[in-house]
Structures are given as C-alpha cells and as structure tokens.
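Student: Here is what each chain is made of, one letter per residue.
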Amino acid sequence: MIRFLLSLFVPFRWFIEKMGADYTQFIRILQLKLTMDDRRLKGLGNNSKKATENALMKQSFSQIFFGIFFAIFLLLVKSPFTYYYFAHTFLMVMMAMMIISEFTTILFDTSENVIIQPLPIKGNTISLARNAHVFLYLTMMAFNLSVLSIVVAMFKFGIVSGMIFLFSIFLNVLFTLFLANVLYLGLMRLASGEKLKNLLMYFQIVIAILFMSAYQFGLNMVDKTKIQDMILPVHWYTFLAPPAFFSGLVEALSTWLFDLQHLIFIAEALLIPPIAIYLTGKYLTPVFNRKLMDLEQGDRVSKVRIETSRNSLYFRMMSSLFIHRQEEKAPFKLMWKMTGRERLFKQTFLPSLGYIVIMMIVPFFGKSFNYSELIQSDRYLLILYIFIFVGATLPGALLIGNNQHATWVFKTLPSDSPAPYFKGFIKAAFARFFLPFYLVLTITICVIWGIKVLPDVAIALMAIYLFTLVFYYFQSPNFPFASEKLAGQGGTVFIKIMGLMAMTVALGFLHKFLLHWFDFAALILIPFYSAAIFYVNRTFVYKKITWKAVDKVNIYS
Amino acid sequence: MYNQTIVEIRNLQKKYGQKQVLHGINLEITSGQIIGYIGPNGAGKSTTVKILCGLISEFTGDVTIFGKDLRTQTLEIKKQVGYIPENAVLYESLTPMEFMEFIGEMRGLETEQTRAKAEALMDIFEMKANLNQRISTFSKGMRQKVMICSALLHNPNLIFMDEPLSGLDANSVIMVKEMLIHLAREGKTVFYSSHIMDVVEKISDRIILIDQGKVIADGSFDELNKLSNDENLEKMFTRLTGNTNHGEKAEAFINAFEK
Chain A
1 MIRFLLSLFV PFRWFIEKMG ADYTQFIRIL QLKLTMDDRR LKGLGNNSKK
51 ATENALMKQS FSQIFFGIFF AIFLLLVKSP FTYYYFAHTF LMVMMAMMII
101 SEFTTILFDT SENVIIQPLP IKGNTISLAR NAHVFLYLTM MAFNLSVLSI
151 VVAMFKFGIV SGMIFLFSIF LNVLFTLFLA NVLYLGLMRL ASGEKLKNLL
201 MYFQIVIAIL FMSAYQFGLN MVDKTKIQDM ILPVHWYTFL APPAFFSGLV
251 EALSTWLFDL QHLIFIAEAL LIPPIAIYLT GKYLTPVFNR KLMDLEQGDR
301 VSKVRIETSR NSLYFRMMSS LFIHRQEEKA PFKLMWKMTG RERLFKQTFL
351 PSLGYIVIMM IVPFFGKSFN YSELIQSDRY LLILYIFIFV GATLPGALLI
401 GNNQHATWVF KTLPSDSPAP YFKGFIKAAF ARFFLPFYLV LTITICVIWG
451 IKVLPDVAIA LMAIYLFTLV FYYFQSPNFP FASEKLAGQG GTVFIKIMGL
501 MAMTVALGFL HKFLLHWFDF AALILIPFYS AAIFYVNRTF VYKKITWKAV
551 DKVNIYS
Chain B
1 MYNQTIVEIR NLQKKYGQKQ VLHGINLEIT SGQIIGYIGP NGAGKSTTVK
51 ILCGLISEFT GDVTIFGKDL RTQTLEIKKQ VGYIPENAVL YESLTPMEFM
101 EFIGEMRGLE TEQTRAKAEA LMDIFEMKAN LNQRISTFSK GMRQKVMICS
151 ALLHNPNLIF MDEPLSGLDA NSVIMVKEML IHLAREGKTV FYSSHIMDVV
201 EKISDRIILI DQGKVIADGS FDELNKLSND ENLEKMFTRL TGNTNHGEKA
251 EAFINAFEK
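The listed protein sequences derive, respectively, from chains A and B. Take the first sequence: its position 13, counted from the start at 1, is 13 in this note's numbering, and no numbers get skipped. Take the second sequence: its position 229, counted from the start at 1, is 229 in this note's numbering, and no numbers get skipped.
These are computed hints drawn from the structure, not numbers from a lab. Keep in mind that the hints are not guaranteed to be accurate.
The calculated lysine-lysine pairs, modelled on DSS-like cross-linking and capped at a C-alpha distance of 30 Å, are [unchecked claim]:
hint : chain 1 : residue 1 : chain 2 : residue 2
1    : A       : Lys122    : A       : Lys195
2    : A       : Lys195    : A       : Lys78
3    : B       : Lys15     : B       : Lys68
4    : A       : Lys552    : B       : Lys15
5    : B       : Lys19     : A       : Lys548
6    : A       : Lys329    : B       : Lys68
7    : A       : Lys543    : B       : Lys15
8    : A       : Lys18     : A       : Lys329
9    : B       : Lys259    : A       : Lys197
10   : A       : Lys548    : B       : Lys117
11   : A       : Lys548    : B       : Lys68
12   : B       : Lys202    : B       : Lys235
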C-alpha cells in the first residue's frame, strides 16, 4: 500500500524538484511518515491488527455512507455545472473540516523532527513531504466521499464527464491544501508558543462551527422545490468561487463547450491549483517551518503560567451536588482541572456544542417562522432533547488525548474497583462542560415559553444525565485523554450506543405524549429517572467498570 | 521492623504472548534493606517490578508481600507500597501540587496534610516555586523529582524504584542515595532496579542479578566478591552475563562506521 502511494508521486518528480525539494529525500521522508502512521494505527490500544484495520475500513465506510446522502441530493440536479458546483462545494467544506479537526496535528506534527532535523535535508523537502502526507489522506477522504457522486455523474452525464470530475477532485484537494496553509500562516503571525497553540484550538472550534452554520443556513435558504431545474447563473464573482473553477472545467471538457466563460474556468482550474502548490512549496512552507520551530520552542518563550490552587465556588457547589462518596472526590477534582486544560478535549467537544446551537437556531430564520405559533407549541422539547447529542459527544471526547503512558498511576493506587474513578470523571465533565450551557438554554427557553416549562427542563436534564452516564460506561473503559483520535469504538459498542440514543429519543416522545395528556403528567418521569440514575450509579457502573475490563484496554507503562 | 520477611516470591513466571520473560524467580526479601536489582536489557527487571507493584496481574507463581497474597489482597499491599517507574510520564496538564493532591486523597490522606508534605518534599528538591506550574513545562529531571515525591507521600514501607535517578542532576542523585540509606535504616525496604552499577554497588545491602528471566547471582557485594574476586560490580556483571569482550566489540563498532 505504502509503495503504491509513493509511486503516485513518480510522474511529478520534475515538479517536486522545481519547488526546491530533493526528490529522493522527499520520498524517504514520506515513506517514514506513512510507515509511522501504519505502525501507530496497528499499535493502537491492545487491539489486534485486525481490529485496527477494521477501524480504518469503518472510517472509509462511514465517509462513503455520508456521501450517499449527498449523491441522492445530487440525483435531483439536472444541470451539470450546478451538479459539479454543489459536489465541489461539499468536498471543500468537508475537507476544510477534516483539516481543522484531524490534520492540524499532522500539519503541526514535529515528532519526527528529532530524526529528520539533524540530517542534511532542506526545509523545502521536509515541508513538501508534510504537505504531501496530508494531501494523500485528503485525497482518500475526498474519493470516499464522492465515489457515489462520481457514479451518479457517470450515469447522468456520461462516463467521460465522471472521469473528468474525478480529475477535478485532485485539483480541488491541492487548492484546499493551499488555503489551509495560508490560513494557518496567518494565525501563526498573530501569536507564538503556548498562546499560538490555544489560538489554533479556538480557531479550529470557531471555523468548524462557522462551516456548519454556513452549511445549515445555506441548505435552509435553498428552495427545495426548484432543485431539479436549478441553474446557477454565472456572475462576475462566480469566477472567484473555487468550486466554479472545477465545475466549469468538468462541464467544458465533458460537453466540449469552449466559450469564453468556460475557457476562463478551464484556465483557473488547471492553473490556480499548481500555482498555489508551487507558491506553498516555494514561499509559504519555509515561513511555516520557521514558525513551526518557534512553536516547538513555545514552552521556553511563553511565560510560565502559575495555576491557582483555590477551588471556585462553582466547583465547590458541583462537587457537593454530584459527589457523595469519598472515593469519587479526587477523580472529580482531577477531571475538573484537566477538562479545562486538555486542548484535544475542547477541540472535540466544543464544536459539537456549537453544531447543536446552530441546528437549534437555524429553524428560527426559516421563511415560514412564526413567533406566536412557536410560543404556543411544544418545540422547546425538541430543543431540550437535541442536547442529548451533546451528552453523547462528552464521553468520547474524554477518551482522546496524548496521555497513554500516564495511566499507570491509577493502577498503583489502592482502589478495589476502578468504577469510582470513572464516576468522578464523567460527573466532573458533565458538571463543568454541560451544565453551564444547559443553564443558558434553560434561561432562553424560559424567556420564550415562560417558567411553566421548568419541570420539563428538569426532566429532560435528568434524561440527558442518565444517557450520558450510561453512554460513558458503555464505551471502552480507557482512562481519560489516553486514546488516539483514530482509535474509535468497536462496532458492537457503536450499535449499543445507537440503540441507547434511539431509546432516549423515544423517552423524548414519551415526555411529549404525557404532556398532551395533561399539563404536569410528565412529572411521573422524575421518580423513574431518579431510580434509574441511582441504579446506574450504585450498581450498574460497578458491574460494568471492573479492573479486568479496564486492564484489557489500558497499558500501564 | 528489621529483618522480617516482607516479600516472598515463589517460582514467579511471566509470558508475553509466546515469549517467556520470567523463568521461575524465587526470592525472599527482608525489611530494612536496599535491594539492588540488576540485569541486562530485557532480563525481566521491569516486569518483576511491575508485577510486585500490581501493575501486571497476570502471572504464574506465588507472591506474598507483608504476608498477604498479591493476587487476592492487592489493595492492602498497595497501601504500603510506593512506586517510581522508569519513565516519568505524568498527566502534563496538571501541576505537581494537583497531581500529588490526587495521589494523596486516593491514598486516604487529608488534603492539608498532602499539601504540607508536597511542599516540604518539593522544597528539598528546590522545586517549591514550581509547585503550581504545569508539568508540561518541566524537564525530565524535574518530572522525576515530582515522581519521587509523590511515591513517598504516604510514607510507604516498601518502595519500588525503576531507574529512579534517571535525568536527575548530580546534587539530587547524591541526595536521593542518602535518602535511600536513611529509609533503610528506619526499617523500610527499597527495591532498587537499575543499570548504573556503581550506585547499586555503593548503596545496596543485597544485590540480585537476573539474566534472561532467571536469578544468576544473589548476595551482598562482599559475599559475591568472595566467590568471584571481581574488582567491582561492573566487572562481575559483565562476567556473569557473558559479555566480557567489550574491547573487541568497541573496535568492531569503530571499524564498521569508519569504513
């Protein structure tokens, strides 16, 4: 596989050398990176090679599956230009999100520098190899996402059109990579060291939310009844939109249309990505490398931060509300501190929160929105129960981090069961990162619907809390922040979680049904949830989280 | 508490997959001693230490510590044991104070007591000013000092150390060596696993040499020396592990890269 991927660069040797890189060294560095990825994937957790291969396959399948929905949408579009315009926009958004969420670590990865930097290798070669590495992964992702759209395009517009679409995807990937470089360089000019790391984290979160909101608002603005006949009019500014370059190229070459408009698109599509990559390799990457070395020195240039040892009032309140057993107290406190500081946790969790907020706001801006109808409705229930998805993200986000080798400490402590650790962890994360947002939501809902809905807010909160606990205890019992992002969860766990989510949605409907019966009928859910939470906290967790289960997935080195 | 048997190991064996790492270790360790546990790379030193600390629970053979069975009474044993691992990997986003507070609370110490102890211990290492800085900003040696302090917080009777001096500056090394001697005088037992022969030779009351998962020498340095007449532990180590041709190997090495 690695050999095949490397062979893809053979035809571009002249281009690589033109950018000032040494081709042989470039290939060797890329080979090293791919080999390290391969080993890293195969060595994740205690799982076997088979399990890891499944994780990769699962990732590809999920991308193909995600592409199905878009391909179905594209089935409706008649105009080739509109079809390819949408397809390229979708790809650019997905790739940008992927770069932001997954590849920032690869772009900023300096782990192999200790091997590479002392060797006589030019900076251009190193950075080009780094970009080629990201390019390979983005291409695989772009292909997975669009494989069905390519098939649909072949059926609708002919095989040649589909093939040219495939070629334009590569150009799109190159251009997106250039945009990512420009964006990150811009950020690197603003700060350095630890500040830059934090800035990057918040930038990623904001961009992810912005992309999602643009996507949601964009979809909301499309008049779905006219999709079939939709034709995108070409204005002067269309020539500035990158998806238009690529869609214009595909349309021109597949329909043999060479008017001025299409010639401009062809020129843009064929010239801009190579020029962009040339500029990236020649000018941007040396600056990027210099900044990256500054980033490595970050801890030395940044002022050392002194943490306060006092606990906040909110912490004390939450601690007394959630913690009733001595053995959970220390894990609760530990997790409270760590969730506030672990960048990967925030990077994973906060965007999900942003997405939910966007999804909740979008309907309010629809054309058919009517405020007086809204306050008469029980739509607040939907908003409340949507927060279950935030609860569902929290447990997964607690796993991800770079502390694989720090977990030994839990095993050396005299605890007969690891369950109190896990109870303390999830309670702290829930109290610190979920409740404040839920409180804001509660206030918003009360402003719109009045305080009469407070019991429903409390019932939904209990359902979400119960769901979050069960969800956390169902997933692989890794200690916090000690799993790599690609590790993923086993298939059966995924099915169980989907089942649980379906069950919670059903509970939402039960809540709605009871409200229609009479005003406070839903209150009967309170004792039910209380009993369930009590059972989960007192019995279920101790059965599920045992040292035997924990030892299977954690390495104490 | 002197000369009481506190660790008893009978036919300890461990396999990683198909690879047998420990081939039936038999040991009896009494209190108030510093045990130097030495051996070449891959001999099984760290595996033995991890088993005795409860980090590895799958093994064959019988181990009792403080008269308690390691398999069934792990919890009781862990309460009296301190462990300093080979690589000082800690949760980087925490400060030493937060890390030690966690350890202290999990070991049943009062928060104030833990804080006072942490401050005193870190002060000795001249790290009091770093107590509230994140561990991510620390050097290897500083991390090692945090690890040593946190392992001693609960005043354990048995201390396992896997290369504890790794990364420490010269003054700290001398201080830790002195500390170990004092601890042994107080009746505590130190199980000291290391590659650094001169330290082991100087501080250990008893030296256990393992090679390929088997104990090949066991006794005080003087006892072992009477049998072999080696001038120091390093010479004894190389002879017993069958690596006496270091000069030839060094020459071959130089030839290889100069070619």
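Student: Decide, hint by hint, whether the structure agrees.
Tutor: Against the structure, the hints:
A hinted pair counts as satisfied when its Cα atoms are at most 30 Å apart, and Lys122/A with Lys195/A qualifies at roughly 28 Å. Taking the CA atoms of Lys195/A and Lys78/A, the gap is near 49 Å; set against the 30 Å cutoff, the hint is violated. A C-alpha spacing of about 24 Å is found between Lys15/B and Lys68/B, which places the hinted pair at or below 30 Å, so the restraint holds. Using a Cα cut-off of 30 Å, the hinted pair Lys552/A and Lys15/B holds, with the two alpha carbons roughly 16 Å apart.
Restraint check for Lys19/B and Lys548/A: satisfied, since their Cα atoms lie roughly 22 Å apart, inside the 30 Å limit. Under the criterion of a C-alpha separation no larger than 30 Å, the hint pairing Lys329/A with Lys68/B is consistent with the structure, at around 28 Å. For the suggested pair Lys543/A and Lys15/B, the alpha carbons sit about 29 Å apart, so the restraint of at most 30 Å is met. Note on Lys18/A and Lys329/A: the hinted pairing is violated, with a Cα-Cα distance of about 61 Å set against a maximum of 30 Å.
Using a Cα cut-off of 30 Å, the hinted pair Lys259/B and Lys197/A is violated, with the two alpha carbons roughly 46 Å apart. For the suggested pair Lys548/A and Lys117/B, the alpha carbons sit about 33 Å apart, so the restraint of at most 30 Å is broken. Under the criterion of a C-alpha separation no larger than 30 Å, the hint pairing Lys548/A with Lys68/B is consistent with the structure, at around 21 Å. Between the alpha carbons of Lys202/B and Lys235/B the distance comes to roughly 15 Å, so the proposed pair stays at or under 30 Å and holds.
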